[in-house]
Every structure is written in structure tokens, then in C-alpha cells.
Amino acid sequence: MFDAAHPDKGPFLRNLVLGERFIGYYLLRDKHLESFRDPTRGMFLTLILADRSGQLIGRVWEDAQNMDEELAERDVIKLDGEAEDYQGRLQVRVLRARPAGAGEYDLRDLMPSSRRDPVEMAEALAEALAGIRQPHLHALLGLFFGNPEFLRPFSEAPAAMKVHHAYRHGLLEHTLEMLSLAEAAIALYPDMDADLLRAGVLLHDIGKLREYEWALDIDMTDEGRLVGHVQLTDSMLLEALRQLPEFPPSLALRLRHMLLAHPGRLEFGAARQPMTLEAAALHHIDDLSTQMNHFSGLLAERPPGEAWTDFVRGLGRSLYGGTDSDLSSEESDPAGR
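Heads up: the sequence shown at position 243 corresponds to 242 in numbering that gives the first Met the number 0, and the numbers run straight through without jumps.
Take these hints with a grain of salt, some might be off.
Unchecked claim - Once the Cα atoms are required to be at most 25 Å apart in a straight line, the calculated SDA-like pairs of lysine to any residue come out as:
| id | residue 1 | residue 2 |
| --- | --- | --- |
| 1 | Lys30 | Arg92 |
| 2 | Lys161 | Arg51 |
| 3 | Lys8 | Arg132 |
To be verified - Each pair of labels, with its calculated beta carbon distance range:
| id | residue 1 | residue 2 | range |
| --- | --- | --- | --- |
| 4 | Gly41 | Pro152 | 26 to 34 Å |
| 5 | Gly321 | Leu17 | 18 to 26 Å |
| 6 | Met291 | Asp62 | 43 to 51 Å |
| 7 | Ala183 | Leu252 | 24 to 32 Å |
| 8 | Pro147 | Arg36 | 26 to 34 Å |
No lab work stands behind these hints, which were simulated from the structure alone.
Keep in mind the model is a prediction, meaning the values are calculated, not measured.
Glycine included, C-beta positions come from ideal geometry on N, C-alpha and C.
Based on the provided sequences and hints, a complete structural model is requested.
This is the structure:
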């Protein structure tokens, strides 16, 4: 029966095929009532459904107001639905839905997670920490990463809500990507303080542990909304530095500047623009990891067989992910002949 627990999660949203009837558990990220163009038909309910494979729009065409009252945003629901076509896009026609009990689903099925193995990432992080030779920076990093109460959430946290690495273990993945990029920058620019850059990479986003909550879905905390991760990172750094009275003030100042300046521009949340080699490198390394993950995610969401993404409003353009064979002879000729 629909009111009883289902034996499994049900199909993942990314795997649904047109016409498929199914029952499953999904995260309800958002919902809103809308009016039909014909006012005599009343209201319909739009749902934003999600699981670890992605998200999909669901629509309740009948008895929408009652279902709206029964379901809560950012909750897990059990639904009986059918995959249907709507203006050329797959969506879910929701026939029945109810709130799911806590023991009915596995959270790992619902929240996206890094494709990288968390154990392997933890080992890579430990290796990077062991490679910091500067004694003051090594001691500082030990206060953070040597504390299980810090390391556990750092290893599980997302790096953002939406744009990049917005999934479990995303912050750890983002940090490791940046460490790899930092090693390339260190080899190219020997005038930089290598361990300072590495430490900046490791610490630059620690404020996100207080900016976000991610028990079920990713959301901002009150502290995150009111203060922001850049300032929270600085606060956490200062608190740790007070435990290290021998830490050189000049080194502390350079590290603080890196973390406060890492967004690069004031309108992007930086307290200052980068003014040192290490701060400039940290900003660009962060941006490269962010943009590549963002682009990769958008390209992965293309419909099967499509070379181009839909128009991405935040970027002001579509993205191309095809191959040479996807280009017509006219498109591939720079002269347009």
C-alpha cells in the first residue's frame, strides 16, 4: 500500500524514461501553487524534486491545494508518479504524495555526493598536511585538521549551495583540486611562499562549515546569511592564532590577507583585493576550480544527444560540449564558406 514503507528508494530522477510509472522517495526542495491560464480550472502545484542524481520538476494537476498543505519544503516525500513530456522536457506528473517517515529512506540516495572516493580524498588531505614544512603553519593547521570535531564536517561539507561542488564532500574535493593547481603555480612562480599558499588553500573556505547546514539539503545558516564565510573564516583563524603565541605576526597578517581577499573582488565578497603573490594565486586557483566544476556540471545536464546546454542566465551564454563531428561543415569553417 502507498501508506506503507516502500522496499527501496525507487528510480533515480536521472534514469526516468518517458511514460514510466513509479513509486519512490525524493527530496522536496521547493513548491508553489500556480493558477491555470483558464481560471475555471483552479490551481496546480509545481514541485522541485531532487535525489542524488539531480533534480526534476513535478506537477500536481489535481487536488493541488490539499497536497500543498500536506507537503513541506526541504522534506522527504514518497510519491506515486509518471514521467511525462511537457514542452519538450521530461517532468513528473505527481498522482499521490505524502511525507516520508525517517526510517523509510536512506539519506545517501537523496543528497548528491562527490564522485571521488571519500577515503582516498581523506588520504590525499593527510598527505598534503604532512607536506607543510613551515613549523608555524604546520602547528596552525594541526589545530584545525587534527581536531576530529573540525575534520569530520570539513570532510562532509559541500563547497557551495548551487554553483560549484554543491554536494557532500564537495568542500574536500574543491580543496584537493586547488592543492593540485597550487603545486603547478608553485613550480611556475618560485618567488611565492609555497607553504603559505598551501596553507591558504587548506583554510580559505573553513568558514563555510558555519555558513552552511547540510543535514538533508544544503541551506545557509543565519550566521552565514548575516556574516558570510569570508568573515567567518577570518574569525576562526584569529581564534586559532590566539592559541599560538609564538606565531609570527607578519606571517599571520599575510595569511589573513589571503583568506580575506580570496574572492578577488569586493562585489564578490572579498574584504580586500589581492595584494600579494600568494593572495593573487589563491584567488585564481579558487576561481579555476570553481568554474571548471560549474561548467562540467552544466554540460553533464544536457539532454542525451545534445551538444549545447540551454542558455545559462548566470553566465549569459550557452555552453558547448560536443565533438568535431557535432559541428556542421559551415559551423566548422571559420570563414563561414
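Each hint, compared with the structure:
1. Lys30 / Arg92: Holds, at about 14 Å.
2. Lys161 / Arg51: holds (14 Å)
3. Lys8 / Arg132: Judged against 25 Å, a Cα distance of about 48 Å means the pair is violated.
4. Gly41 / Pro152: 26 to 34 Å: violated (45 Å)
5. Gly321 / Leu17: 18 to 26 Å: Given range 18 to 26 Å: holds, Cβ gap about 24 Å.
6. Met291 / Asp62: 43 to 51 Å: holds (45 Å)
7. Ala183 / Leu252: 24 to 32 Å: The hint (24 to 32 Å, Cβ to Cβ) holds, given that Ala183 and Leu252 are roughly 26 Å apart.
8. Pro147 / Arg36: 26 to 34 Å: violated (56 Å)
Taken one by one, the earlier hints fail for this structure at numbers 3, 4, 8, listed in ascending order.
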